[in-house]
Each structure stands twice: as C-alpha cells, then as structure tokens.
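> Protein chains in written order, with my numbering: chain V, 3 to 222; chain R, 3 to 148.
For the record, the hints were derived by calculation from the structure and aren't laboratory data. Think of the CB as a built atom: it goes at the ideal place given N, C-alpha and C, for glycine as much as any other residue. Certain hints may be false.
Below, in silico cross-link-like pairs of lysine to any residue (SDA-like), each with a Cα-Cα straight-line distance of 20 Å or less [said to hold, decoys possible]: (1) R:K27 / V:D127; (2) R:K140 / V:I27; (3) V:K28 / R:E134; (4) V:K53 / R:G70; (5) R:K140 / V:V29; (6) R:K27 / V:C36; (7) V:K44 / R:E134; (8) V:K183 / R:S89; (9) R:K115 / V:L91; (10) V:K44 / R:Y44; (11) V:K183 / R:N125; (12) V:K183 / R:Q91; (13) R:K41 / V:L160.
Okay, the calculated bits of chain V under chain R, using three or more residues with CB under 8 Å as the criterion [as the list claims (entries may be wrong)]: (14) 72 to 78; (15) 136 to 142; (16) 155 to 167.
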Amino acid sequence: MPCPAYLAYDEFTDDISAPILWERIKVTEETEQCPELFNGIKAFLRAANTKNTKLQGSVALPIRSFSKRAQEDALTWGRARQEVLFPNLKVVTAPATPQRNGMHTLLQVLAQKGASPTSAVALPDPETECVKKFGMCTTDLNHILQLCGLNPGQEELLPPWIKEMAVKQLSKDGKHRIIRKMCSELRYEDNPIPLFPVVYKMVQDKAFGGMTILTVRQQQ
Amino acid sequence: MKPIPVYWDGDLPEGLYGKAIHDAKTPAQQRQEATQLFKFLYNSDGECNYDILNNMTSPAPFLIQVPGTNMVRFICGIAPYRGDPFSSQPISKVEGQLLGLLHEPAVAGETPKVVELPEELLNLYEVTLPTEEEFTKKLKTYLEND
Chain V
3 MPCPAYLAYD
13 EFTDDISAPI
23 LWERIKVTEE
33 TEQCPELFNG
43 IKAFLRAANT
53 KNTKLQGSVA
63 LPIRSFSKRA
73 QEDALTWGRA
83 RQEVLFPNLK
93 VVTAPATPQR
103 NGMHTLLQVL
113 AQKGASPTSA
123 VALPDPETEC
133 VKKFGMCTTD
143 LNHILQLCGL
153 NPGQEELLPP
163 WIKEMAVKQL
173 SKDGKHRIIR
183 KMCSELRYED
193 NPIPLFPVVY
203 KMVQDKAFGG
213 MTILTVRQQQ
Chain R
3 MKPIPVYWDG
13 DLPEGLYGKA
23 IHDAKTPAQQ
33 RQEATQLFKF
43 LYNSDGECNY
53 DILNNMTSPA
63 PFLIQVPGTN
73 MVRFICGIAP
83 YRGDPFSSQP
93 ISKVEGQLLG
103 LLHEPAVAGE
113 TPKVVELPEE
123 LLNLYEVTLP
133 TEEEFTKKLK
143 TYLEND
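Turn these sequences into a full structure, and let the hints steer you where they fit.
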C-alpha cells in the first residue's frame with residue numbers, strides 16, 4: 003500500500019503498530035485532500051490489525067519473505083536500486099586537503115556563476131524546468147505521458163531514456179548510444195527493434211505522432 | 003534556528019532513508035506521489051504493468067504488514083527484477099520477482115536488506131476487515147480496559 007513517508011519516517015528502521023498509524027492518519031487534515039489514498043491506507047491498517055482465517059483473506063506477508071536469505075542477484079539489484087533512489091547515500095571519501103569555506107570562497111563561487119551576492123533568487127519557470135529536465139515542452143511531455151499510458155504528474159514513471167536524452171551537451175553519438183541501449187533491452191524477445199537511421203531520428207526527435215517512414219525519407 | 007517540525011509529532015527523521023525523503027520532498031509532494039501510485043496500482047483492474055515501477059527514481063514507500071504481528075513498516079523501491087536478456091548467464095532465480103528494500107542502512111554505502119515479495123502481491127483480492135465504526139469502538143474498549 004503506497005503511503006507518504008512523513009507520517010512515520012522512522013518506520014524505515016522500526017515497526018509501528020497498525021492502530022497507532024491509523025490514529026495518526028485519522029487526526030491529520032490531509033485525509034480530506036486525498037480521500038481515496040487515505041481511505042485505502044486506513045482500510046489496510048484495519049485489515050493488518052485483524053486476525054482472519056485463510057478464507058477471509060489477509061494482508062499479511064508470508065513469514066518466509068522476511069526470513070529467507072536474499073539471492074545474490076537480489077542483493078546486487080538492491081545495491082543498484084539504492085544508488086538510483088538515494089544517490090546521496092553513496093560512500094563519500096573525505097577530501098585530502100581541508101576546504102576553505104570562508105566568505106571569500108563563497109564570493110568566488112558567486113562571481114564564477116555571474117550572480118550578485120545580494121541578488122534575489124528567481125523562482126524557476128515550470129516550462130523552462132520541463133525543457134531542462136525532459137528536453138521538451140509541457141504539451142509534448144503530456145503527449146509522451148499519454149503514449150506511455152501515464153497521466154500528467156506521473157513523470158517519474160516515464161522510461162529513463164527520455165531524461166538521459168535531455169542532457170544539454172549530449173552528442174549525437176551519445177544519443178544514438180542511448181537509443182541502442184534502449185532497443186537492446188527488449189520487453190518481448192520475439193519482437194526485436196531494427197535500428198534503421200529512421201528509427202534513430204524518430205526516437206531522437208520523439209516524433210511518434212504518426213509520421214510515416216516515407217514522409218521522413220522525402221524530408222531527407 | 004530551530005528546525006521546522008514536519009513529522010507528525012514534531013520530530014525530524016533520524017534514519018538515512020527518512021532524512022533523504024524529508025530533504026527531497028515536501029509532505030504535499032509525498033502525498034501526491036503516493037496518490038498517483040495508488041491510482042496506478044488499484045484502478046487498473048488488475049492489468050497493471052509492474053515493469054513501469056523500474057523506471058521510478060523516487061523511493062515511493064509502501065506499507066507492508068510484518069508477518070505474525072499487527073505491526074507495519076515501510077519498504078521502498080518495489081519493482082520486479084529484470085535481468086539482462088542478452089546476458090550469456092543463465093536466467094536468474096529471481097527473474098520477474100517483486101523485490102524491495104526492507105531496512106535502511108545504518109551507514110551510507112552499506113548494502114540494504116532486500117526482501118523477495120510473494121507473487122500474491124501482484125493480484126488484488128478482497129479481505130474481510132472491520133468498518134471504521136467497529137474499529138474505533140474496538141480501540142476504545144481496548145484502551146478503557148488497558
């Protein structure tokens with residue numbers, strides 16, 4: 003059951019009693035803002051606090067899931083997954099020489115960035131942010147979301163190549179490398195994707211909107 | 003300056019995962035993300051493509067029940083394992099299995115504990131549970147007798 007972490011940040015370390023969490027949700031005002039989610043969580047917690055027979059069903063996981071030693075592949079997956087989800091948790095080694103963190107260094111950094119120390123921080127424009135992050139405007143992004151079977155706001159679920167291709171200084175060869183990698187990770191083994199120049203161009207331009215191969219050839 | 007209390011009882015998270023999520027997302031953003039995941043998983047009539055979860059780059063915590071107790075805990079990064087289809091290695095024993103990060107590491111860089119979740123989690127099924135009124139009544143009785 004998806005649940006916002008702020009309700010119990012320490013549940014990552016310790017277990018918490020289902021009625022206690024149920025009570026927390028009950029007293030928070032947010033329940034009215036997202037009724038569908040919070041009703042689902044409350045129902046899950048009520049079920050977790052109820053002893054049911056096999057016929058009545060249960061939300062409990064089998065004990066073997068917790069006691070079983072994870073396979074090597076699963077541990078490798080865990081390390082990689084943690085690096086993606088929590089990039090700041092990588093091992094960071096201390097610098098060999100201590101850094102100068104005085105006002106002088108701060109002013110130097112600001113000068114390099116061309117900003118005045120007294121200038122106000124401008125709020126990011128959502129359109130610019132979208133172009134920066136996904137390499138396309140919000141209208142195109144909404145269309146891509148639709149093609150992926152997602153709704154606006156579910157950008158996190160988009161295939162990773164979209165963000166990878168949006169890197170500003172990425173060369174054409176780099177883009178092709180990403181496309182090759184994407185096409186090598188097949189979802190259906192019996193449907194390989196042939197990598198013709200037209201395919202490269204289509205993915206690069208994100209032109210999935212019905213342009214035929216013939217039209218592309220005519221343009222070339 | 004005293005930190006602004008955001009956690010429900012005013013404390014700030016102490017664990018690594020808790021801190022990372024707290025620093026990265028506001029409660030409103032966390033609610034929105036959880037709502038979208040909830041809709042994605044529960045409104046798709048059981049025909050949900052779980053492989054999409056592999057594309058997620060945010061932890062997206064899920065609640066799970068600890069076996070044999072009435073306790074719950076968070077698990078994050080839930081996604082099915084997908085090995086390299088072009089690898090010459092034999093297919094992994096966990097191929098297609100739902101995995102998740104169970105415990106947050108004590109120190110950064112430590113390997114997290116990975117839990118292999120049962121296939122039953124991929125299907126929606128009905129469970130008998132008390133209504134809100136019944137549950138509240140039961141809790142009150144329990145507290146009065148305690």
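> Now, for every hint given, state plainly whether the structure supports it.
Status of the hints after comparison with the structure:
no. : hint            : result
1   : R:K27 / V:D127  : holds (19 Å)
2   : R:K140 / V:I27  : holds (17 Å)
3   : V:K28 / R:E134  : holds (10 Å)
4   : V:K53 / R:G70   : holds (9 Å)
5   : R:K140 / V:V29  : holds (18 Å)
6   : R:K27 / V:C36   : holds (17 Å)
7   : V:K44 / R:E134  : holds (9 Å)
8   : V:K183 / R:S89  : holds (13 Å)
9   : R:K115 / V:L91  : holds (15 Å)
10  : V:K44 / R:Y44   : holds (15 Å)
11  : V:K183 / R:N125 : violated (31 Å)
12  : V:K183 / R:Q91  : holds (19 Å)
13  : R:K41 / V:L160  : holds (16 Å)
14  : 72 to 78        : holds (count 5)
15  : 136 to 142      : violated (count 0)
16  : 155 to 167      : holds (count 7)
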